[in-house]
Amino acid sequence: MKNPYIPYEVKILDTWYEAPGDRCIKTFKVTFTDEKVWDTWNHLPGQCAMVGIPGVGESMFCISSSPTEKGYLRFSIMKAGKNTSALHELEAGDTFFVRGPLGNNFPLEEWKGKNVVTIGGGIGQAPLRPVIQWIRDNRADYGELELIYGARTSADHCFKDEFKEIIEEGECECHLSVDVEEEEWPHFVGFVPQLLMEVAPKPDNTIAVTCGPPIMIKFVLQNLEKLGFTPDQVYTTLENRMKCGIGKCGRCNVGHLYVCKDGPVFSYAQLKEIPEAFA
Amino acid sequence: MAVKKLSKEKVGEALGELSKFRLIAPAKSDEVVVFKQISDPGEAFLDYGNSTVPPKKFAFPQTETLFRFMVGSPELKEKNVEEEGTTVIFGLRPCDARAMSIVDKLFSWDFDDPYYLKRRELTTLVGMACVEPPSVNCFCTSLGGSPFGTEGLDMLLTDMGDYYLVQPLTDKGKKLEETLSAHLEDAPADDEKKAEGMAKESEGKIRRSIDTEGIPEKLPTLWDNELWKRVSAACLGCGICTFLCPTCHCFDIQDEVDEGGEGRRCRMWDSCMFEEYTLHASGHNPRPTRRERTRNRINHKYSYYPSRFEVIACVGCGRCINLCPVNIDILDILDQVVDA
Amino acid sequence: MVDVNKLREKAKEVVSRDDVRLLIGYRPGTYGFRARPAFVLGPDEVDELIFTPACVNNLASYITLEEKLPVPRGEEPDLRKVAVMVKGCDSRALVQQMEEKAYDRDRILVLGIPCKGVVDMAKVEARFPNVLERGEIALEGDKFVLSFDGTREEVAREELVADKCLRCRYPTPLVYDELLDEAVERFADDDYSDVSELEKRSAADKWAYWEEKFSRCIRCYSCRNVCPMCYCEDCVLDRLQPQWMRRSVDISENTAYHISRAYHLAGRCIQCGECQRVCPVDIPLMELNRKFYKDVEELYDYEPGTSVENPPLLSTFKVDDREDFIL
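Residue numbers (the numbering used here), protein chains in the order written: chain A, 339 to 617; chain B, 234 to 573; chain C, -16 to 310.
You may find that some hints are simply not true.
[As the list claims (entries may be wrong)] Derived lysine-lysine pairs resembling DSSO-like cross-links, with alpha carbons at most 30 Å apart:
#, chain 1, residue 1, chain 2, residue 2
1, B, LYS405, B, LYS290
2, B, LYS338, A, LYS610
3, B, LYS290, C, LYS(-5)
4, B, LYS243, B, LYS290
5, B, LYS405, A, LYS374
6, C, LYS51, A, LYS420
7, B, LYS310, A, LYS340
8, B, LYS462, A, LYS556
9, B, LYS351, B, LYS253
10, B, LYS338, A, LYS340
11, B, LYS310, A, LYS374
12, B, LYS261, C, LYS183
13, A, LYS498, A, LYS364
14, C, LYS51, A, LYS417
15, C, LYS84, C, LYS274
16, B, LYS408, B, LYS312
17, A, LYS367, B, LYS338
18, A, LYS610, B, LYS451
19, A, LYS502, A, LYS367
20, B, LYS310, B, LYS253
21, B, LYS462, A, LYS610
22, A, LYS417, A, LYS452
23, B, LYS261, C, LYS274
24, C, LYS84, B, LYS462
25, A, LYS349, A, LYS452
26, B, LYS310, A, LYS349
27, B, LYS310, A, LYS420
28, B, LYS462, C, LYS(-5)
29, B, LYS290, A, LYS340
30, A, LYS340, B, LYS451
31, A, LYS417, A, LYS556
32, C, LYS277, C, LYS106
33, A, LYS556, B, LYS451
34, B, LYS405, A, LYS340
35, A, LYS340, A, LYS374
36, C, LYS183, C, LYS277
37, C, LYS64, B, LYS462
38, A, LYS417, A, LYS367
These are calculated hints, taken from the structure and not from any lab test.
All chains should be modelled from the sequences, with the hints used to inform the complete structure.
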């Protein structure tokens, strides 16, 4: 069996910025330097990978592409610490290292035949993107798809082109927001939990998936309950500081669960039992 | 085949025989007892209580390289644990051996940890029964262990006065007995029975205890209990209780690069009592104070670990009690858990 | 000896005050002769408080150790005082912290305990091992009296006393709001004979000596965390960006750690000896600290933590400062 601590080298096919600023978000589209890795690499939406550069370090990121997108992986990474700053220096043609896929995935098999509503905030759209892409690529298997997404400003919105395409093609209901008023913004102004109440998706035969900053998640979960969603209809992802990614190094636990191994995907029903989940 | 004994006069030559392997034994560094690799049998100090630092570091080193690299080069050279060779840890206490068998579960759960498991495969554990409990704070018997416990051991030695009774327990132990055969003699026929009596006697001398029944289930119900604030108020946030714990296994991973670009990715012991342990890059810390960290330490040992691996991650060696600078006492905490 | 009833009465009065949030004192430990820090929040909690020669901890460390969490929106920060019991040596930590402007004098209320010496618990436990039930230690004249398991033992003070007490210059606290006992006159002095011995060794000898000790270090950071002068909110040792110290535990990084630690305490260490006391692998850290302490006293006639009016050594400059040691 392969040593789970040894990463694979990937080559950057393309990069672009999703959002500007001190904590800018950059997307990396990569493929394995050794093409044979693709033969054994199987990931599902929600799964993560350790991403890094030997000499700098590794950090855990969700794989923001769906396995239905062939021949590449995508990572959308916010500049925050030492490792992410080093990654942001890289451009097309450069290489870095990836270890995974790690963790569990959204149970998209179980969701077949159901409606799915995604509720994202900021960089939290990154783990939702593969869910949306998976459903777009397996459209007949699922009911209605509805997207709710907000960020501080319109510039902070990730995956702008894809949202634009979805809206223009009228593929599905898509509701966008910014936190504060700005000129020529045609959509909702306010926080994502408020937008959720505005949209008020129906809970019947529907799964709600939400990712974003902890404070947003907290109110989104409360509001979903108000809308009649039961905890087992609601999914989210958690993140914590991680090192090994394979349930050994200890630090990422929330209660008795390791985020890296038992997560990052959890149903609200699971998390309700764990007070540390929202620490 | 008769049970064997190792005369104390022959311990030196037996250790000499074993030094063809990587031989680890208790030894003195100034007045501190440490487990270390010995080449000279005279260094071994077998008449000891227990070591300050548990011998876990020979399965799970405090710092170990996972792989080496040159900065900018795609080639990653995996550390080959095999090179460390066959290892004998000689004279460890039953609690510390039992701790290894507990930690084995974590390192072989789901993803196999190749470094740890390879090292365990290469290692033979020769235990030294505790004829006297080494510390007033020993409580191994509360956790399913015993001063003469054999769990995790390949061979048990018992100090019978002039000689050690030698009891191989596994195939590895039997193989080691063969290796040592030239130095062993037949033990008196009733020695095994005598040792059983000594075990009972030693168990009777263990004075601290906790009834663990129900604690794993109760702990999660005490999440917001004020006891956590109380028991953590004096905590200094240092790593003594975790680093000296034979079952604590948390680690950090760091890349270290020398001048010239030669680097290694290594892992090193980390402690859930450190602020930095759970600190996010954003600055957010889900365990912002010593209260949450202490609660996690106790929960991890007495609730999370048993919920996954069906065994409490504590062997009652007493190190965390003996060496806490502010007398935070895990049994005192558990008593409060029981009473809460 | 402090009268325990008087101590509890005073503690009760102090924690009952509206402007006091917490009192930090001592209470009996969980076994044997140990004592441990006590955090008293209300008058009904004072009955466990003690002061005996087993009260070794320097409680001044807790003033700066407490985490400063963000105040929730709409709430006021709790600015009430922290009351703390200190021995002479411990009080110097408060003085030095305040010299360095770690906090203002009116944030703390100091209950001073004149002290004739505490025990070295390691010596006590080596002499009387296996004491589980609570044992008492008292200092009577030049003897420690130990009562345990129904027996009473008298041991000469110098056999069990902490090394630092043998050269204690400040038995009575240098800062206090109230003294809990009669002031104790200076009864000992420090001639640095131990440091002079070390100074005489060759560089090779010194290295061999410290190499053995530093190679035992497990980097638990108890020496840093217990130190009342190590109160930086963001310790240079924890930093990864830039990284000053690797986390690898080996003789090279351990040496770098201990040298950095000692240097950061030059002109600041007040000789409470807590770092050495807590070290699980018996590294004689005070030997490093005392070398600096001696140098600072000889070069600048300065003793840290002796007067709140004194500016910290490293923030002062006098034109006649010695500089002949600068290469």
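Exercise. Which numbered hints are broken by the structure, listed smallest first?
Worked result: Hint check: 3, 5, 17, 22, 25 and 30 fail, others pass.
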